[in-house]
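Put together the whole structure using the sequences plus the hints.
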Amino acid sequence: MINITFVASDGERRKVEIEEGETAREAALYNDVPGIDGDCGGVCACATCHVHVDPEWIDKVGRLTDGSMEADLLQFAEGTTEFSRLACQINMKSILDGLVLHVPDKQY
Amino acid sequence: MDSQIAEPDAAARIASIPIEEIDVARPSLFQNDTIGLFFDRLRAEDPVHYCRESHVGPYWSITKFDDIMAVDTNHKVFSSEAKLGGIAIQDMHSAEGALELEMFIAMDPPKHDQQRKAVTPAVAPSNLQLLEPVIRERAGEILDELPVGEDFDWVDRVAVELTTMTLATLFDFPWKERRKLTRWSDVATAAPETGIVESYEARREELIGCAMYFKTLWDERINEEPKNDLISMMAHSPATRDMPFLEFLGNLMLLIVGGNDTTRNSISGGVLALNQNPDEYAKLDSDPSLIGKMVPEIIRWQTPLTHMRRTALEDWEIGGKPIRKGDKVVMWYLSGNRDESAIERADQFIIDRKNPRHHLSFGYGIHRCMGNRLAELQLRIIWEEIHKRFSRVEVTGEPERLYSNLVRGITRMPVRLHAR
Ligand code: HEM
Ligand code: FES
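From first to last, the protein sequence lines stand for chains C and B. Reading the first sequence from the start, the letters are residues 4 to 111 in the numbering used here. Reading the second sequence from the start, the letters are residues -9 to 410 in the numbering used here.
Honestly, the hints are just simulated from the structure, not real lab data. Errors might be hidden in some of the hints.
Derived DSSO-like pairs: lysine-lysine, alpha-carbon spacing no greater than 30 Å straight-line [said to hold, decoys possible]:
no.	chain 1	residue 1	chain 2	residue 2
1	C	K109	B	K101
2	B	K344	C	K96
3	B	K315	B	K73
4	B	K54	B	K66
5	C	K109	B	K66
6	B	K344	B	K315
7	C	K109	B	K283
8	C	K18	B	K315
9	C	K109	B	K344
10	B	K344	B	K378
11	B	K205	B	K107
12	B	K344	C	K18
13	B	K66	B	K318
14	B	K315	C	K109
15	C	K109	B	K73
16	C	K109	B	K107
Structure below.
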C-alpha cells in the first residue's frame, strides 16, 4: 500500500491508501475525496482530476510534458500552476509513498 | 406514453434491413425516434460502420463509447476545421451571401487553443456562482406565472422561456428584448431549408443587426465598471479586450448557440424521462437532494447533440476498419451513451447513478464542452425551483420531436402541472 495525502483548498488534509499500479485519481475516488471529479474515467480526456503536486514532490512525480495530451487539456483548466498535473496520469509506485497533492477549489 | 415509436412493427422492419444499407443520417429517424433501434444494431453488428451513399455523402459512424473517446481525444488526426467540413455530419458551407462567423469549436490548434483560453475565464465556475441568485429568482418568476391544472405546451412556455432567461442573465442583455437572443441563435445556425430564414441574404442581414447590437453593448460595458456578465468580462479581460470585433462576435455567438437548444431540450427531455419512468419520479419527489446527480443523467439520457463530426487528416484504423485521409468520421454520442460495455444499464434512466458524469454528451478532449458546468448549474437551479412548486409535471400527450440529425430536440409537449 502507498500513502497519499490530499490537501483541500481550505487546508483540510485527508490521508488515503492505494495499491501500487493504480493512479492518484483512483485513490481520490475510492475514498470520496471531494474536489476530484474524474468525469472521463481516467483516460486523460476531461481535466476534471486536476491537482497541484506539492513542490517537494514535483521532481519525483515529474512535470507536464509539452505537447502531451495532458498539457493540451490542462491549458484550459482554471488556476493552473507549474505544479499542475492530472491525477489520472500519476501512476502510483513505491517511490511516491507519502505523496502530497493539493486539490484546487474548482474542477470543470 | 411508454414507447415513442409511432410504427408498431418498426423493430421487426429495422431488424431485417441489410446492415450495409443502414444510413443513420436521415433526420426522419430522429423525428420518429426509431434511431435507437438502428444504433443498437450497429453497436452489436458493425460498430464502426461505413455508409457509402447518403444525402450528406459517404461517412463513417462510430457507435461504441471507447471508440468515440479514442477519436475525440485524437485531435491531431481527427480535425474539427470548418474548411474541411467542420463539426457536423452536414458539411459547413460557405454559400453565396452567407456570413460565416468564425468559432473555435470548428478550429484546430493552435488557433482553437488561443481563442478558447481567452474566453474560458468568462464561464469559470467561480464566476458563474455569482449569477446563481439572479437565475434562481427569475426562474421562480417564470414558474409562478404558469397555470396549474390545465394543459399547455411546456416547450414554448417553459423550456424556451427559461433558456432565454438564463442567456439574458449571463450576458446581462436588455431584459425586454431578450427573445432577440433566441432568435439570433436560431438564425446563426439556420440554413434556408429549415424555414427559419428565407435566404442567406436575409440571414446575413439579421446577423449584421445582431453584430451592431452587441457592438453597442460592448461599448457600453467597456466604459462602465467591470461586472459579472460575460460581455463585461470579455470587454475588460486582458485576454479578450483587444480582440478584433468579428472574432469577439464569433466567440459570443458560440456561447449563445452552445447554450441555447442544448439547455432547452435538456429541460424538456428531463420532464419526459421522469414521466416515462414513474419510479424515478417518485425517488426524486421523496429526495430532492438527488437533483445534483439527476442533472447529468438527464443530459446523458437526452444527448442534446446527437453527434460531432471530424475529418481524418491521415490514414488511420478504428476498430479494425481502415479510415482514409479525408474521410468524414461521425462520433454518435447518442449511441455511445447507450453502450452497455461502458455504462451499466445504459438503456435505463436512473437518477441516482454512481458515476452520472461518465457520459459522452459534452464530448471529450480539447473541444470538451466549455459550458458543461454552467449547463449543469442552470438545470440544477431550474429543477430545484420546479420541485418547490409542483409535485408533478405531467406529460398529457405525445411529444413532437425535431426533424434534425444533430440537435435532439422536442418541439412541442403538452403538460399539466400539479401544485405541491
Ligand atoms: C446540456 C447542455 C450542453 C451540451 C449537451 C453541450 C454539448 C457540447 C458538445 C458535444 C461540444 C463539442 C465537444 C467536442 O467536440 O468534443 C460542445 C462544445 C462547446 N460548448 Fe457546449 N453543450 C451544452 C451547453 C453549453 C453551454 C451552456 C455553453 C455556454 C457557455 C456551451 C458552450 C460550448 C463551447 C464554447 C464549446 C466549444 C468548445 C471547444 O471547441 O473547445 N455549451 N458542447
Ligand atoms: S479523469 Fe479525466 S482527465 Fe483525468
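Hint-by-hint comparison with the structure:
1. Under the criterion of a C-alpha separation no larger than 30 Å, the hint pairing K109 of chain C with K101 of chain B is consistent with the structure, at around 26 Å.
2. Between K344 of chain B and K96 of chain C the CA atoms are separated by roughly 28 Å; this keeps the pair inside 30 Å, and the hint holds.
3. A hinted pair counts as satisfied when its Cα atoms are at most 30 Å apart, and K315 of chain B with K73 of chain B qualifies at roughly 15 Å.
4. The straight-line distance between the Cα atoms of K54 of chain B and K66 of chain B is roughly 21 Å, inside the 30 Å bound, and the hint therefore holds.
5. Of the supplied pair hints, the one linking K109 of chain C and K66 of chain B holds, its CA atoms being roughly 29 Å apart against a limit of 30 Å.
6. Restraint check for K344 of chain B and K315 of chain B: the C-alpha separation of about 40 Å exceeds 30 Å, so the hint is violated.
7. Proposed proximity of K109 of chain C and K283 of chain B is supported: the alpha carbons are some 18 Å apart, at most 30 Å.
8. Straight-line distance between C-alpha atoms of K18 of chain C and K315 of chain B comes to about 49 Å, which puts the hinted pair past the 30 Å bound.
9. Among the hinted pairs, K109 of chain C with K344 of chain B is consistent with the structure: their alpha-carbon atoms are about 21 Å apart, no more than 30 Å.
10. At roughly 25 Å between alpha-carbon atoms, K344 of chain B and K378 of chain B fall within 30 Å of each other, so this suggested pair holds.
11. Taking the CA atoms of K205 of chain B and K107 of chain B, the gap is about 22 Å. The hint holds against a cut of 30 Å.
12. Taking the CA atoms of K344 of chain B and K18 of chain C, the gap is about 23 Å. The hint holds against a cut of 30 Å.
13. Between K66 of chain B and K318 of chain B the alpha-carbon distance is near 15 Å, which keeps this suggested pair within the 30 Å criterion.
14. For the hint linking K315 of chain B to K109 of chain C, the alpha-carbon distance of about 39 Å lies beyond 30 Å, and the restraint is violated.
15. At roughly 36 Å between alpha-carbon atoms, K109 of chain C and K73 of chain B are farther apart than 30 Å, so this suggested pair is violated.
16. The hinted pair formed by K109 of chain C and K107 of chain B meets the criterion: a straight-line CA distance of about 17 Å does not exceed 30 Å.
In this structure, the hints that do not hold are numbers 6, 8, 14 and 15, in rising order.
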